[in-house]
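Here is how the chains run, residue by residue.
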Amino acid sequence: MTDQRFFTAGGPFALKKLAEISQAEIDPSADPESVFTDVAPLAAAGPRDITFLDNKRYVEAFSNSLAGACLVRPNMVPRAPKGMALLVTEEPYHGYARIARAFYGPPPLEPFMAHTASVDETATVSEDCRLEAGSVIGPGAIIGNRCHIGANTVVGPAVTIGDDCSIGPGASIFCCRIGARVITHPGVRIGQDGFGFALGPKGHIKVPQLGRVIIGDDVEIGANTTIDRGTGPDTVIGSGVKIDNLVQIGHNVRLGKGCVVVSLVGISGSTTFGDFVMIGGQAGFAGHLHIGDGAKIAAQSGVMRDIEAGASVGGSPAAPIREWLRGVAILERMAKKKNG
Amino acid sequence: MTDQRFFTAGGPFALKKLAEISQAEIDPSADPESVFTDVAPLAAAGPRDITFLDNKRYVEAFSNSLAGACLVRPNMVPRAPKGMALLVTEEPYHGYARIARAFYGPPPLEPFMAHTASVDETATVSEDCRLEAGSVIGPGAIIGNRCHIGANTVVGPAVTIGDDCSIGPGASIFCCRIGARVITHPGVRIGQDGFGFALGPKGHIKVPQLGRVIIGDDVEIGANTTIDRGTGPDTVIGSGVKIDNLVQIGHNVRLGKGCVVVSLVGISGSTTFGDFVMIGGQAGFAGHLHIGDGAKIAAQSGVMRDIEAGASVGGSPAAPIREWLRGVAILERMAKKKNG
Amino acid sequence: MTDQRFFTAGGPFALKKLAEISQAEIDPSADPESVFTDVAPLAAAGPRDITFLDNKRYVEAFSNSLAGACLVRPNMVPRAPKGMALLVTEEPYHGYARIARAFYGPPPLEPFMAHTASVDETATVSEDCRLEAGSVIGPGAIIGNRCHIGANTVVGPAVTIGDDCSIGPGASIFCCRIGARVITHPGVRIGQDGFGFALGPKGHIKVPQLGRVIIGDDVEIGANTTIDRGTGPDTVIGSGVKIDNLVQIGHNVRLGKGCVVVSLVGISGSTTFGDFVMIGGQAGFAGHLHIGDGAKIAAQSGVMRDIEAGASVGGSPAAPIREWLRGVAILERMAKKKNG
Numbered sequence: 001m002t003d004q005r006f007f008t009a010g011g012p013f014a015l016k017k018l019a020e021i022s023q024a025e026i027d028p029s030a031d032p033e034s035v036f037t038d039v040a041p042l043a044a045a046g047p048r049d050i051t052f053l054d055n056k057r058y059v060e061a062f063s064n065s066l067a068g069a070c071l072v073r074p075n076m077v078p079r080a081p082k083g084m085a086l087l088v089t090e091e092p093y094h095g096y097a098r099i100a101r102a103f104y105g106p107p108p109l110e111p112f113m114a115h116t117a118s119v120d121e122t123a124t125v126s127e128d129c130r131l132e133a134g135s136v137i138g139p140g141a142i143i144g145n146r147c148h149i150g151a152n153t154v155v156g157p158a159v160t161i162g163d164d165c166s167i168g169p170g171a172s173i174f175c176c177r178i179g180a181r182v183i184t185h186p187g188v189r190i191g192q193d194g195f196g197f198a199l200g201p202k203g204h205i206k207v208p209q210l211g212r213v214i215i216g217d218d219v220e221i222g223a224n225t226t227i228d229r230g231t232g233p234d235t236v237i238g239s240g241v242k243i244d245n246l247v248q249i250g251h252n253v254r255l256g257k258g259c260v261v262v263s264l265v266g267i268s269g270s271t272t273f274g275d276f277v278m279i280g281g282q283a284g285f286a287g288h289l290h291i292g293d294g295a296k297i298a299a300q301s302g303v304m305r306d307i308e309a310g311a312s313v314g315g316s317p318a319a320p321i322r323e324w325l326r327g328v329a330i331l332e333r334m335a336k337k338k339n340g
Numbered sequence: 001m002t003d004q005r006f007f008t009a010g011g012p013f014a015l016k017k018l019a020e021i022s023q024a025e026i027d028p029s030a031d032p033e034s035v036f037t038d039v040a041p042l043a044a045a046g047p048r049d050i051t052f053l054d055n056k057r058y059v060e061a062f063s064n065s066l067a068g069a070c071l072v073r074p075n076m077v078p079r080a081p082k083g084m085a086l087l088v089t090e091e092p093y094h095g096y097a098r099i100a101r102a103f104y105g106p107p108p109l110e111p112f113m114a115h116t117a118s119v120d121e122t123a124t125v126s127e128d129c130r131l132e133a134g135s136v137i138g139p140g141a142i143i144g145n146r147c148h149i150g151a152n153t154v155v156g157p158a159v160t161i162g163d164d165c166s167i168g169p170g171a172s173i174f175c176c177r178i179g180a181r182v183i184t185h186p187g188v189r190i191g192q193d194g195f196g197f198a199l200g201p202k203g204h205i206k207v208p209q210l211g212r213v214i215i216g217d218d219v220e221i222g223a224n225t226t227i228d229r230g231t232g233p234d235t236v237i238g239s240g241v242k243i244d245n246l247v248q249i250g251h252n253v254r255l256g257k258g259c260v261v262v263s264l265v266g267i268s269g270s271t272t273f274g275d276f277v278m279i280g281g282q283a284g285f286a287g288h289l290h291i292g293d294g295a296k297i298a299a300q301s302g303v304m305r306d307i308e309a310g311a312s313v314g315g316s317p318a319a320p321i322r323e324w325l326r327g328v329a330i331l332e333r334m335a336k337k338k339n340g
Numbered sequence: 001m002t003d004q005r006f007f008t009a010g011g012p013f014a015l016k017k018l019a020e021i022s023q024a025e026i027d028p029s030a031d032p033e034s035v036f037t038d039v040a041p042l043a044a045a046g047p048r049d050i051t052f053l054d055n056k057r058y059v060e061a062f063s064n065s066l067a068g069a070c071l072v073r074p075n076m077v078p079r080a081p082k083g084m085a086l087l088v089t090e091e092p093y094h095g096y097a098r099i100a101r102a103f104y105g106p107p108p109l110e111p112f113m114a115h116t117a118s119v120d121e122t123a124t125v126s127e128d129c130r131l132e133a134g135s136v137i138g139p140g141a142i143i144g145n146r147c148h149i150g151a152n153t154v155v156g157p158a159v160t161i162g163d164d165c166s167i168g169p170g171a172s173i174f175c176c177r178i179g180a181r182v183i184t185h186p187g188v189r190i191g192q193d194g195f196g197f198a199l200g201p202k203g204h205i206k207v208p209q210l211g212r213v214i215i216g217d218d219v220e221i222g223a224n225t226t227i228d229r230g231t232g233p234d235t236v237i238g239s240g241v242k243i244d245n246l247v248q249i250g251h252n253v254r255l256g257k258g259c260v261v262v263s264l265v266g267i268s269g270s271t272t273f274g275d276f277v278m279i280g281g282q283a284g285f286a287g288h289l290h291i292g293d294g295a296k297i298a299a300q301s302g303v304m305r306d307i308e309a310g311a312s313v314g315g316s317p318a319a320p321i322r323e324w325l326r327g328v329a330i331l332e333r334m335a336k337k338k339n340g
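Residue numbers (this note's numbering), protein chains in the order written: chain A, 1 to 340; chain B, 1 to 340; chain C, 1 to 340.
Keep in mind the hints are simulated off the structure, nothing from the lab.
It cannot be assumed that every hint is accurate.
Simulated crosslink set (DSS-like; lysine-lysine; CA at most 27 Å straight-line) [what the hints assert, rightly or not]:
1. Lys337/A - Lys202/B
2. Lys337/C - Lys296/A
3. Lys336/C - Lys337/A
4. Lys336/A - Lys202/B
5. Lys56/B - Lys56/C
6. Lys336/A - Lys296/B
7. Lys336/C - Lys336/A
8. Lys56/A - Lys202/B
9. Lys202/B - Lys296/A
10. Lys16/C - Lys336/B
11. Lys82/C - Lys336/A
12. Lys202/A - Lys296/C
13. Lys16/C - Lys206/A
14. Lys336/B - Lys336/C
15. Lys202/B - Lys16/A
16. Lys296/C - Lys337/B
17. Lys202/A - Lys56/C
18. Lys337/C - Lys337/A
Bear in mind the structure is a predicted one, so any value in this text is a computation, not a measurement.
Okay, chain A solo, but in the shape it has when bound:
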């Protein structure tokens, strides 16, 4: 059961409604009229909760779960404990996501402007926004409808933010245009100067950074992530991109639609990505590369060349993932022999 001090559940919902929400089938043994009041993890769920099984590691926890209902794949149905109501789907986690959102949608935004907020007189802030304590909106900035600006966050001059955005606390956003329904988490740093220097043995000349950061719709950006503005071209984050915490995105980088970037990844300047590229944690990219649509980059990869669409790579320097794993296995065997 979720902590009611932090989260307020909607519902309850009948199983038939949950099936509809989750786009799953009700197992014939279950009662479509039975009612559930909350979501919960497998191990903690009780008879009035609905949970899900997605990762094979947790089959045993599933078989021992006291959950009243569970989203499962068809092949897991026989492993269910007696009396558990099953919602059957090939995508239990997607189903769970939809149900959890039904129980715990974002609370309605209560418009507010803290007396310690600073809004420049030339900024345009929709009246239905919420500006927390210490937030700062610069000259000429435009904030769309129903936006939430976190405490002590700074929105710089002429920045535009679309409707229904949530900008977390303690952040700074400069030289940037943001689309609709974007969520940025605490401490993000968007639009500062990129790392641009003409290097030399007697000193380094700073190069003015004259581009912007353009962020699409439905983007999510993790805590303390940094996105530098372009040098002249823009840095572009495509719609639907999800970026984790502590990621570094250099100037002029372009991420296509739906890319997923896990924590502590570093992307050097001017590297571009197609759509739906998946990037594992702590991977790094040299500059001026192109990574094709749908490529998969394993965690801790060091990418030094262009990657074709659909390819999977791993290792540092990154190679096709099978080749990399084979190299790892060969070296492992040699090391073990040496030992024997």
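Given chain A, work out where chains B and C should sit, using these hints.
The following block gives chains B and C in isolation, referenced to the frame of chain A:
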């Protein structure tokens, strides 16, 4: 000598008192009544300072040091310069830590509430707390005795913080319960949404993150480190854990007691750790693993499997440390031969 | 063309003036009196813009560019499109940097103190400084002439900042002395306690951190980067050092003049660097090492030993770069054979 603008020394202390504080033995050649006024590093210490020798790299600096007193291991006694008062112990660094704390304990907290601090009327803040400028305390939050809340730090709704905590400036803390004597450094981000999406080729569905972050006693968390809240289960940081700067801790991670996590480590969701696990810098962990008590993870390791208690691993993907180092040595030899 | 909402161009400039600024030669085919109004990237530049070609990847874009003028190396002159005015130099990027700075110098600082700024009565702030909303200046701090302190940034007690510095928003600076013309980007964390513990199986003793951070002149520090203060010795950042975003610099580290540190690098305590060391992204350094002048450390290197002046290393653990690349190539061939 420390910079008096930043630090104020207690003391002075007689050598016999320093021996007692540091749990060390006075070398027979030293005068227990001799008095010392400060701590200092080997190279900078003068005749009224006490220093320590712990790392063999610095034996020469020790032999040339002008320090009046020094904590050393028994085997280093013969290398001491003439006239240096020695405190002999198997743990010179521990002894130094205790002595430095005697000279430089945390200054007493002067209660204060800045006029630019914002405290919700439903929050409970002990009167002996210190709230710096621009700090924000949300509805229903409870702050224990003698806590220090840094400037421009945001403590979210219903967060609880135990006694004698120091929460650094520019931070944000949400959906979290914190124990006693916890120190968090500037810019920490605790309790934001974890990176939870049901991924799909047409877009990614955000999964509500319904757990909390539970932090034990005597924890220290480094600057700009990010700790996401759980998805339903909690993210748990055990008592006595020490986390360095720029570390990413994903949702549902559990760190046992006394774990040490060096900078730029990334821990993926639902990975759990026993007690006193040591994690080197820039190591990464896949999700849903278990790392046993006392395991040692070398810097830059890429951990993709469970690790047994007491094991040492290195490399990416991580292997038993000897095997990894042997593989490295084999490849090095092959590369050199090729050259010859 | 740059976005006029964010950037205001100076100029225009005649080609002969641009040649003088950039220290380049005017190609004989060009008219020295022709006038240019802006800088722009190759692909976007129009007839009144000046651009540059530095990276061979972009030769085709150069040949197709509509730019009115371009900085190029002598060997690229024949590849220029007809009618493009060429400024010829061995260092086109340096020339571009100088020209871009002529068009887009930092705007003059308009002195200002926000009414939500908090300045301790014992602090000294030059009257020509600009203190943004929510900035906090602690007791005894000294801020030089023409400094810009970003919104919600905290400057701690007794910190000194030299002339013409720009301290970005959302940052915190403690126990620190900063030189002249230093730029720190948003969210930097300077001078907090280093990660200093005497580790033990029953718990870890915190060691007071009694040093400072000393930062030279003309240093630039990236967003959300963390620099811990020394333990007793100082942490020192030499003049002209450029540090990217999300870098961790441990206690007692010393960076010589002109070092360049790319994003997500981690440097453990007491490691010292000569002058003009180049450090690639995500590289890591063990503690207590010395890296000689002019060494080059490849991205993702794991440096566990001292590095000689002028050496180039790569890999984890780091080896001489040719040896490392040869090892990589050998393993790659073995993996491919196995496949065949």
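>> Need the status of pair Lys56/B, Lys56/C: alpha-carbon distance at most 27 Å?
In response: Not satisfied, since the Cα-Cα distance of roughly 49 Å exceeds 27 Å.
> Between Lys336/B and Lys336/C, is the straight-line Cα distance small enough, at 27 Å or below?
Replying inline: holds (21 Å)
>> Please verify whether Lys202/A and Lys56/C have alpha carbons no more than 27 Å apart.
In response: Holds, because 25 Å separates the two Cα atoms, which is no more than 27 Å.
> Under the criterion that the straight-line Cα-Cα distance not exceed 27 Å, is the pair Lys202/B, Lys16/A satisfied?
Replying inline: Distance ~26 Å between Lys202/B and Lys16/A Cα, so the pair holds.
>> Check whether the Cα positions of Lys336/C and Lys336/A lie no farther apart than 27 Å.
In response: Judged against 27 Å, a Cα distance of about 21 Å means the pair holds.
> Is it true that the CA of Lys16/C sits at most 27 Å from the CA of Lys206/A?
Replying inline: holds (23 Å)
> Taking 27 Å as the top limit, are the C-alpha atoms of Lys296/C and Lys337/B close enough?
Replying inline: holds (24 Å)
> Holds or violated: are the alpha carbons of Lys336/A and Lys202/B at most 27 Å from each other?
Replying inline: Not satisfied, since the Cα-Cα distance of roughly 45 Å exceeds 27 Å.
> Does the structure keep Lys337/A and Lys202/B at a Cα separation of 27 Å or less?
Replying inline: violated (47 Å)
>> Checking one constraint from the list: CA of Lys56/A to CA of Lys202/B, max 27 Å. Satisfied?
In response: OK: Lys56/A and Lys202/B at ~25 Å, within 27 Å.
>> With the threshold set at 27 Å, check whether the alpha-carbon distance from Lys336/A to Lys296/B stays at or below it.
In response: holds (21 Å)
> Is the Cα-Cα distance between Lys337/C and Lys337/A 27 Å or less?
Replying inline: Judged against 27 Å, a Cα distance of about 20 Å means the pair holds.
The structure is inconsistent with the numbered hints 1, 4, 5, 10, 11, although it conforms to all the rest.
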